[in-house]
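Visitor: Working from the sequences, and respecting the hints, build out all of it.
The primary structure of each chain is shown beneath.
Protein chains: 2
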Amino acid sequence: MSGAIPTEDLIKETAKRVFFQQGHLKATTQEIADAAGVNRALIHYYFRSRNLLFDRVLQEAMSGFMHKVLSVLEAETPFQEKIGVFIQTFIGMSAEFPYLQNFIVTEMVKQPDKMTVFHPQHLDEVAKKLNEELAQEIQNNTVAPTTLEHFIVNIMSLCSYPFIAQPIIQTIFSLNQAAYQEFLQERKEIIFKIIFKEKS
Amino acid sequence: MSGAIPTEDLIKETAKRVFFQQGHLKATTQEIADAAGVNRALIHYYFRSRNLLFDRVLQEAMSGFMHKVLSVLEAETPFQEKIGVFIQTFIGMSAEFPYLQNFIVTEMVKQPDKMTVFHPQHLDEVAKKLNEELAQEIQNNTVAPTTLEHFIVNIMSLCSYPFIAQPIIQTIFSLNQAAYQEFLQERKEIIFKIIFKEKS
DNA sequence: GTCTATAAAGGGATAGAC
DNA sequence: GTCTATCCCTTTATAGAC
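Residue numbers (the numbering used here), protein chains in the order written: chain U, 1 to 200; chain V, 1 to 200.
Accuracy of the hints is not assured; some may be wrong.
One copy or two, it doesn't matter: identical chains are merged, so the pair holds either way.
What the hints assert, rightly or not - Subject to a maximum C-alpha distance of 20 angstroms in a straight line, what follows is the list of computed SDA-like cross-link-like pairs (lysine to any residue):
no. : residue 1 : residue 2
1   : K197      : A135
2   : K128      : F79
3   : K26       : D55
4   : K12       : G64
5   : K110      : A95
6   : K188      : F79
It is worth saying that the hints were derived from the structure and are not from the lab.
Guide: Shown next, in the form of structure tokens:
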């Protein structure tokens with residue numbers, strides 16, 4: 001039937017789920033095959049090896065993430081609004097694939113060559129424009145003096161770390177699953193407020 | 001000779017180095033033995049299995065980290081100074097074991113029961129005191145209104161993430177190794193400034 | 001305590017039938 | 001395209017000599 005998902009895509013989507021949603025970094029081909037409801041040999045038929053499947057899935061996830069984030073930063077909206085959407089988007093995507101950030105970091109330590117996706121061609125002109133806008137904010141005294149690098153890293157840190165370190169934070173503050181989800185949502189506003197100074 | 005390191009400690013220290021400084025999460029018993037300059041069988045003689053070695057080394061690292069951080073927060077110094085030391089300490093320890101945070105998270109996803117170290121007995125009273133001090137800062141308008149949980153998570157995020165995500169950030173901003181070390185040092189001041197509002 | 005040799009298990013990969 | 005059976009390699013773990 002025409003509505004059925006091709007086996008290749010089924011395997012790929014299942015792998016994404018197992019890796020990035022369940023956080024099962026070391027999932028074997030057998031486990032992925034079981035989760036997809038297919039025979040293990042089919043993974044080798046379509047992807048030749050576990051590594052090639054892994055790399056392709058990770059590559060697609062990384063470039064998808066980067067693409068979405070960049071498109072937000074390229075938008076022709078006021079700076080503060082743009083950063084607000086950036087925070088929303090970053091947290092939203094992380095909520096969908098809670099372990100992706102962790103995977104990226106763990107993997108990129110081993111294969112730094114696979115990271116070109118994080119520095120696309122037009123990044124420099126995007127940065128140039130953001131730099132001008134940031135300078136304006138600093139002049140307006142809505143942002144504490146800083147560089148674009150620190151400014152961006154601050155936001156990424158504040159958005160990303162609570163997902164990466166979820167089990168630790170949950171334990172420290174004795175938050176159950178529901179409370180932690182609530183906590184993460186609260187952060188959208190908290191982060192915006194810490195980044196931009198109240199006008200007084 | 002009496003100055004020699006006992007083999008058991010040698011293995012343990014070597015494992016710490018391989019795991020948390022070199023970031024070799026999947027290091028085999030053979031690789032650890034080689035790095036320590038001992039025979040592989042000795043690892044099993046002293047620790048019985050790779051898992052037990054791994055767990056003990058991780059446990060010690062985690063409790064050491066938590067202990068040091070808590071002792072800073074318990075100090076009888078002014079709040080802002082205390083938080084300043086906290087930032088310095090957190091970044092300092094992360095610089096010594098750049099991959100520890102990553103290990104903890106990756107591992108704690110699999111064995112959440114091993115995490116009791118992150119919620120020691122006296123944590124609640126420490127939190128109570130910090131809460132009062134934070135309330136005072138908020139009243140003084142030196143900290144934007146927030147909860148202690150978000151306040152602490154903000155600091156941990158800002159300190160920890162740049163280590164965890166080093167390869168990504170380096171790529172995005174085209175920073176070489178030396179530039180990145182400089183960048184990390186700059187953050188000590190940057191983080192303090194973003195946490196505490198300038199008095200005006 | 002330290003070594004060598006070997007067992008035992010787990011998982012990736014391929015051949016070949018259907 | 002999909003399955004079963006099998007091979008092969010890696011790595012952990014143990015037995016036993018020194």
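Visitor: Take the hints in turn and mark each one as holding or not.
Guide: The hints, checked one at a time:
1. K197 with A135: Both: 14 angstroms inside a chain and 19 angstroms across chains, each within 20 angstroms.
2. K128 with F79: within (13 angstroms within a copy, 38 angstroms between copies)
3. K26 with D55: Result: close both inside a copy and across copies, 13 angstroms intra and 17 angstroms inter.
4. K12 with G64: Within. Shortest intra-copy distance 14 angstroms satisfies the 20 angstroms Cα cut-off; inter-copy 41 angstroms does not.
5. K110 with A95: between (25 angstroms within a copy, 19 angstroms between copies)
6. K188 with F79: For K188 and F79, the Cα distance is within 20 angstroms only inside one copy (16 angstroms; across copies 26 angstroms).
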